[in-house]
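Undergrad: Chains as they are written, first to last, in the working numbering: chain A, 12 to 307; chain B, 12 to 307.
Quick caveat, the hints were computed from the structure, so don't treat them as lab data.
Mixed in with the good hints there might be a few duds.
Given that identical chains are not distinguished, each listed pair holds provided it fits within a single copy or across any two copies.
Derived lysine to any residue pairs resembling SDA-like cross-links, with alpha carbons at most 25 Å apart [said to hold, decoys possible]:
(1) K305 / R65
(2) K185 / P276
(3) K42 / L132
(4) K305 / A109
(5) K44 / E228
(6) K180 / E269
(7) K185 / L277
(8) K180 / E228
(9) K180 / R224
2 protein chains.
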Amino acid sequence: MSDAAGVVAIDLGGTKLAAALVDSHGTIGAKLKLPVEKESPLKSIQQICEVAARIAPSWEQVRAIGLAVPGIYFAETGNVWAPNLWGWDQVPLRDALASRVPVPVVIDSDRAAYVLGEQWLGAARGLSEVVFLAVGTGIGAGIITNGQLCRGAGGIAGAVGWFALDPRKKPIYKQTGCFEAEAAGPAVARRAGASTAEAVVEAARRNDQQACRVLEETAAWLAMGLANIVSILNPQMIVLGGGLMQAGDLLLEPLRREMFEWAQPLAARQVRIEMTQLGEDAGLLGAARLALLKGT
Amino acid sequence: MSDAAGVVAIDLGGTKLAAALVDSHGTIGAKLKLPVEKESPLKSIQQICEVAARIAPSWEQVRAIGLAVPGIYFAETGNVWAPNLWGWDQVPLRDALASRVPVPVVIDSDRAAYVLGEQWLGAARGLSEVVFLAVGTGIGAGIITNGQLCRGAGGIAGAVGWFALDPRKKPIYKQTGCFEAEAAGPAVARRAGASTAEAVVEAARRNDQQACRVLEETAAWLAMGLANIVSILNPQMIVLGGGLMQAGDLLLEPLRREMFEWAQPLAARQVRIEMTQLGEDAGLLGAARLALLKGT
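Next comes chain A alone, as it looks inside the complex (with noise of 0.2 Å):
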């Protein structure tokens, strides 16, 4: 890597971990992956430390460290709320990094890293509003409104699996949020009497009639929270990621129409809605965006 000032991007996953050294251009140098100690928050964050050291050259090439984390970034405190990895108490892991390594550290949420990546060089390049929505084990959206990261009073915005779309309350929504419950991985998987999405996913592709019926179900639930995002945001784009959309087509095609029986008309209209470019270095593209741009 010839640029003196890149910067180490890390993406802290639920299970596992990706590092990269990246240069100012996006260019992904070294390239680590990792399943994440997550015995306990100290373990975790050593090995940030180990893997960013193993990742930089040297520490004078390194202009920062970029984080995106699976939870909740609290900025005032630099705290990270990740439930999948830590349990419910947070994590001072700004101070904690901060006190380990001799550059600066930028963390974020996957989302707003997701986001981030996907507007620096991917499908949303150059866009000044875009939505990121992630479906997976679980459902969140990463925002960008006049150029900027939306991120909330706290840090928390972006939380649409939590969209109320059906009043015939069920008790698991207060678990995870009713568009959540609905909508997300495992809401196919219940569905279909599967053990996982993917293999519903998998026997549509082989025409399953009943694995077909379930993604159209699903993804009318997709479609309503989709037009949601498209009626408050009259976003440029949306970007789908996560799991789930691996699906494809198979789940695009039936979202784009179905967007448009909800969505306010003109918003519908001027909106794109189209899949990850960046994939799964969506995370790690935009941890160094994060670190490109404040760490400077």
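With chain A's structure known, arrange chain B on it following the hints.
TA: Relative to the frame of chain A, chain B by itself:
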């Protein structure tokens, strides 16, 4: 009025027009309220010019005109779409006014003006993450994120009346949007078999059981829409206004309670839900703010 650098603020509604001289502190001087002349766009344009000239002590003392319109303002073209006033055709309002008045004219949608007004001098003074939810004959929202108006790709952001809240589609949803069809004034009247929503609110104040039930049912819908705003934007405050909100505590209490049933729990705890403090002056003061911000 002592401040020589005031603005003429005009709140053009679907039936009434309010206009006032407003100084840089938000003090309202001479004020007029008239029925809108809406036989044709030209009539309305002439009326706006006449009213501005009557309000202005002299054009030298007026920095700019701020105008809030009941519809969508397209900033690229300067056109306005206000179906309640002028039917479905766009009207080139900015150009028409620019050729007729000797000061700059700043135009935006009424919901943009409402949220700007409340953020400047009302319930949301000084906040950077604010939504104004207007519930009257229709439903719409004005949105401020990162301290800036959120207009979206085409000036339509905030069209929350189109929120999808029930998968059991009704034909009316395609005309007004699902949320508006279930929760705006006409829905209240329809449910109660009354001629107007005001009549229902009055009956509920007299403790009429059916009217109370209808308001409760409406509050349940409103809470779903509110919750969706809370979950996606994580605002510091949502300010409620519009005709139906004159029901006051009859709606506010159930709304606050029911919102918690749906919204992302942390975001639900962070948001304050308040009634408008500026009331019918919100649009006027917001229009003034538009002119003061841009007309300098």
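Undergrad: Look at each hint and say if it fits the structure.
TA: Hint check results:
For the homomeric pair K305 and R65, the shortest alpha-carbon distance inside one copy (22 Å) is at most 25 Å, but the shortest distance between copies (51 Å) is not. In this homomeric assembly, K185 and P276 come within 25 Å of each other (Cα to Cα) only across copies, at 9 Å, whereas the closest approach inside a single copy is 31 Å. Proximity of K42 and L132 under a CA criterion of 25 Å is satisfied intra-copy only: 18 Å inside one chain copy versus 52 Å between copies. Only within a single protomer do K305 and A109 lie at most 25 Å apart by alpha-carbon distance; the minimum there is 15 Å, versus 42 Å between protomers.
In this homomeric assembly, K44 and E228 never come within 25 Å of each other (Cα to Cα): the closest approach is 35 Å inside a single copy and 52 Å across copies. Taking the closest pair of Cα atoms, K180 and E269 come within 25 Å of each other both inside a single copy (23 Å) and across two copies (12 Å). Taking the shortest Cα distances, K185 and L277 sit within 25 Å of each other only across copies (13 Å), while inside one copy they are farther apart (33 Å). Taking CA atoms no more than 25 Å apart as the test, K180 paired with E228 passes in both settings, with 18 Å inside one copy and 14 Å between copies.
In this homomeric assembly, K180 and R224 come within 25 Å of each other (Cα to Cα) both inside a single copy, at 23 Å, and across copies, at 19 Å.
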